[in-house]
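**Student:** Now for the letters of each chain:
2 protein chains.
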Amino acid sequence: MRAEMISVGTELLLGQIVDTNAPYLSTVLSALGIDVYYRITVGDNAARLAETLRTALSRADLVITIGGLGPTQDDLTKETIAKVLGEQMVMDPESEKVIRAFFERRGLQIAQSNLKQALKPETGMPMPNSVGTAPGVIVEKAGKIVIALPGPPGELMPMVEKSVIPYLSQKALGAPTVLVSRILKVVGIGESAAEEKVKDLLSNRNPTIAPYAGAGEVQFRISAKASNREEALELIAGLEQKARERLGEFIYGVDEETLESVVVHALIERKLTLVLAESCTGGLIAHRVTNVPGSSNTFLAGIVSYSNRAKSDFLDVPEDLIYTHGAVSPEVAEAMANGAAARTGADITLGVTGIAGPGGGSAEKPVGLVYIGLRTPDGTSATKNVFGGSRIEIKLRAAQAALNLVRTWLLRDA
Amino acid sequence: MRAEMISVGTELLLGQIVDTNAPYLSTVLSALGIDVYYRITVGDNAARLAETLRTALSRADLVITIGGLGPTQDDLTKETIAKVLGEQMVMDPESEKVIRAFFERRGLQIAQSNLKQALKPETGMPMPNSVGTAPGVIVEKAGKIVIALPGPPGELMPMVEKSVIPYLSQKALGAPTVLVSRILKVVGIGESAAEEKVKDLLSNRNPTIAPYAGAGEVQFRISAKASNREEALELIAGLEQKARERLGEFIYGVDEETLESVVVHALIERKLTLVLAESCTGGLIAHRVTNVPGSSNTFLAGIVSYSNRAKSDFLDVPEDLIYTHGAVSPEVAEAMANGAAARTGADITLGVTGIAGPGGGSAEKPVGLVYIGLRTPDGTSATKNVFGGSRIEIKLRAAQAALNLVRTWLLRDA
Numbered sequence: 003m004r005a006e007m008i009s010v011g012t013e014l015l016l017g018q019i020v021d022t023n024a025p026y027l028s029t030v031l032s033a034l035g036i037d038v039y040y041r042i043t044v045g046d047n048a049a050r051l052a053e054t055l056r057t058a059l060s061r062a063d064l065v066i067t068i069g070g071l072g073p074t075q076d077d078l079t080k081e082t083i084a085k086v087l088g089e090q091m092v093m094d095p096e097s098e099k100v101i102r103a104f105f106e107r108r109g110l111q112i113a114q115s116n117l118k119q120a121l122k123p124e125t126g127m128p129m130p131n132s133v134g135t136a137p138g139v140i141v142e143k144a145g146k147i148v149i150a151l152p153g154p155p156g157e158l159m160p161m162v163e164k165s166v167i168p169y170l171s172q173k174a175l176g177a178p179t180v181l182v183s184r185i186l187k188v189v190g191i192g193e194s195a196a197e198e199k200v201k202d203l204l205s206n207r208n209p210t211i212a213p214y215a216g217a218g219e220v221q222f223r224i225s226a227k228a229s230n231r232e233e234a235l236e237l238i239a240g241l242e243q244k245a246r247e248r249l250g251e252f253i254y255g256v257d258e259e260t261l262e263s264v265v266v267h268a269l270i271e272r273k274l275t276l277v278l279a280e281s282c283t284g285g286l287i288a289h290r291v292t293n294v295p296g297s298s299n300t301f302l303a304g305i306v307s308y309s310n311r312a313k314s315d316f317l318d319v320p321e322d323l324i325y326t327h328g329a330v331s332p333e334v335a336e337a338m339a340n341g342a343a344a345r346t347g348a349d350i351t352l353g354v355t356g357i358a359g360p361g362g363g364s365a366e367k368p369v370g371l372v373y374i375g376l377r378t379p380d381g382t383s384a385t386k387n388v389f390g391g392s393r394i395e396i397k398l399r400a401a402q403a404a405l406n407l408v409r410t411w412l413l414r415d416a
Numbered sequence: 003m004r005a006e007m008i009s010v011g012t013e014l015l016l017g018q019i020v021d022t023n024a025p026y027l028s029t030v031l032s033a034l035g036i037d038v039y040y041r042i043t044v045g046d047n048a049a050r051l052a053e054t055l056r057t058a059l060s061r062a063d064l065v066i067t068i069g070g071l072g073p074t075q076d077d078l079t080k081e082t083i084a085k086v087l088g089e090q091m092v093m094d095p096e097s098e099k100v101i102r103a104f105f106e107r108r109g110l111q112i113a114q115s116n117l118k119q120a121l122k123p124e125t126g127m128p129m130p131n132s133v134g135t136a137p138g139v140i141v142e143k144a145g146k147i148v149i150a151l152p153g154p155p156g157e158l159m160p161m162v163e164k165s166v167i168p169y170l171s172q173k174a175l176g177a178p179t180v181l182v183s184r185i186l187k188v189v190g191i192g193e194s195a196a197e198e199k200v201k202d203l204l205s206n207r208n209p210t211i212a213p214y215a216g217a218g219e220v221q222f223r224i225s226a227k228a229s230n231r232e233e234a235l236e237l238i239a240g241l242e243q244k245a246r247e248r249l250g251e252f253i254y255g256v257d258e259e260t261l262e263s264v265v266v267h268a269l270i271e272r273k274l275t276l277v278l279a280e281s282c283t284g285g286l287i288a289h290r291v292t293n294v295p296g297s298s299n300t301f302l303a304g305i306v307s308y309s310n311r312a313k314s315d316f317l318d319v320p321e322d323l324i325y326t327h328g329a330v331s332p333e334v335a336e337a338m339a340n341g342a343a344a345r346t347g348a349d350i351t352l353g354v355t356g357i358a359g360p361g362g363g364s365a366e367k368p369v370g371l372v373y374i375g376l377r378t379p380d381g382t383s384a385t386k387n388v389f390g391g392s393r394i395e396i397k398l399r400a401a402q403a404a405l406n407l408v409r410t411w412l413l414r415d416a
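Which chain is which? The protein sequence lines are A and B, in order.
To convert a position in the first sequence, counted from 1, into this note's numbering, add 2.
To convert a position in the second sequence, counted from 1, into this note's numbering, add 2.
Hints are computed from structural coordinates only; laboratory data are not their basis.
There may be inaccurate statements among the hints.
Chain copies aren't distinguished; within one or between two, either way the pair holds.
[Stated by the list, open to error] List of simulated lysine to aspartate or glutamate pairs, EDC-like, C-alpha gap at most 20 Å: (1) 164 with 89; (2) 187 with 198; (3) 173 with 142.
I would like the entire structure built from these sequences, with the hints used as guidance.
**Tutor:** Here it is as structure tokens:
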């Protein structure tokens, strides 16, 4: 099966945003054994989109469009697909109901343009959007398949995982072949070093293993083809075991797990409570922890002590400690963690203090210097880190390191 | 002048790397007033690259290829360009000298494949590579221009800045034309409603105005072509004024500004201090505020009061208030803001409490219900919101609404 991908959006052509959907979708198609020969980006222009669709349909079995499903005049992907395939646009009652309910729940007036999103080419099969109001659609016509997906990655990815992959697995792999993937997530080691550890496995043919560098972590996707799911899982298990022998505790989770979800679930399971005292990460760790549903079962409170006074008022960090060692010091990091524990009685507390930049650095204490204090029932200790990158990257890496400290303590203590 | 861009590389089609070159080049071309109608990604395959080049040359005046200039067998961009344009490949003595010197300096043996990089289509003008060994090339033929650039961004960008921009400025702007853009950022109104307000302006030809829906906000890009920058800015100013008359205070900023940067800078300018009391947003507002360099000049502290006890211990919210009205209530939102102010003496405080879901909702208090308490020198008030979407989107929208409350209070008070 040959595929082409068409990203639709003038903002893409103008370079205003980087297309991360297309690479994601490419890895999905590649894992399904579907070859992508061309990927085209075209603006919000009906004539050029139609020409692109016609060319793609003349060369490929499967054409996937990304974007242009919104409510505005600019959004014309579904209409153009219908036109090129010689179909009428019809209202999909189920999608209409979902969109009306979406607006009613929020007490908002619905505009005619919002209902436009419920239209689909007449023979199209709508795909529900679990996050936004724009449903996707699959049209099969004259031996070709056209799939239209929404542009926002937060809407596209769940639709691909829930609707597109099951649909294409069956189409692409035909009767007796399934493709199953599993992602190993790795933290606390760089991409090159992680790759070095599994170097000889990278040339494996079935299952395959391929690295992908994420934000502050590395992911390895293991994919296996087999005649049924059980066989594929067995193949994966074999390679996963080898990878685990090499990467050990650097692997924090698999598939949809995040570092924060792994930490939160481990804390809940162990009936331990967490309190955060954040200075340079500015609330990012609390934000990530509270992104995990159910985190209120372990996370009691976070203190973003951005001023010295907040460190004394809310965390009882002695003023003379700050005066003697500086706010960015192992002593203050430990005192923040200890103060948070004393105030709340939490089992595990973190104290994070550092220089996120761009200003505030010195030769002795450069931008990127971050001390992380961790207090557990075993006691309190501080680790020193120097992170590179922008202000936002330093915050991200510090948050990643702090969460990883909790994770590794939980492993050692298990 | 119409352009197409061709990114060459199987690793791009497989999704192994994200193409950041093409967006960068798009902004460069857009600034030069060169319209990009199509951007195509194709693998390391001579036949498909040749077909793509022929199609692009039939539609565009300028075709820019990215990648495929390396020494390996896979790298066949220059040869394919020569073939499509009916040219021979010849050795460029200057490039050969540079490559030989590069290897000598490093004490490395030079391979025949490395010298291949010094080959160019016979009428091509080589562009020096200040970083690597692969020179770029410009070929002018039959009224068309083909420019071949190396794939690594660290090699492409200096070549674009030093060679391509000067060359194209002269070609494209010849009859002097520049294109200037400005982005208006809008919050507190939905995409459809915002677009409705400027509907008649969307058909404007020069300058143009086009909407783009971001996360919890809408952006309008105004772009003008003119013979010089001053004229373009005047055109933009005219349309911007009309858009501002329609959108008024929904416009929070322009270009690189973020809602948090606008709020932080306005607070600093007015010498006002900020303290946050967050429950359902879980630290996200503090995280966004502290993403702004210099935010420590206004932001003193944040309390993530994720448990009822944290609300009483750190914010002095009376326990019976929580018992009587529930933690998610306008009374508690106000009490959180008041407690944060009493504890810290901050001028402006926010108290945010709600149900981010997926659990914890009821008929009376559904998932997405969020109360935001704002305390200012004028007094304390709470607003009720019901947001849709996932847990993470509800947090994002609540943070957006809370920051927007501070912004609009600052406007009214100005």
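**Student:** Each hint needs a verdict: does it hold in this structure or not?
**Tutor:** Hint-by-hint comparison with the structure:
For a Cα distance limit of 20 Å, the shortest separation of residue 164 from residue 89 qualifies neither inside one copy, at 26 Å, nor across copies, at 50 Å. In this assembly of identical chains, residue 187 and residue 198 lie within 20 Å of each other by CA distance solely inside one copy; the values are 16 Å within and 45 Å between copies. In this assembly of identical chains, residue 173 and residue 142 lie within 20 Å of each other by CA distance solely inside one copy; the values are 11 Å within and 46 Å between copies.
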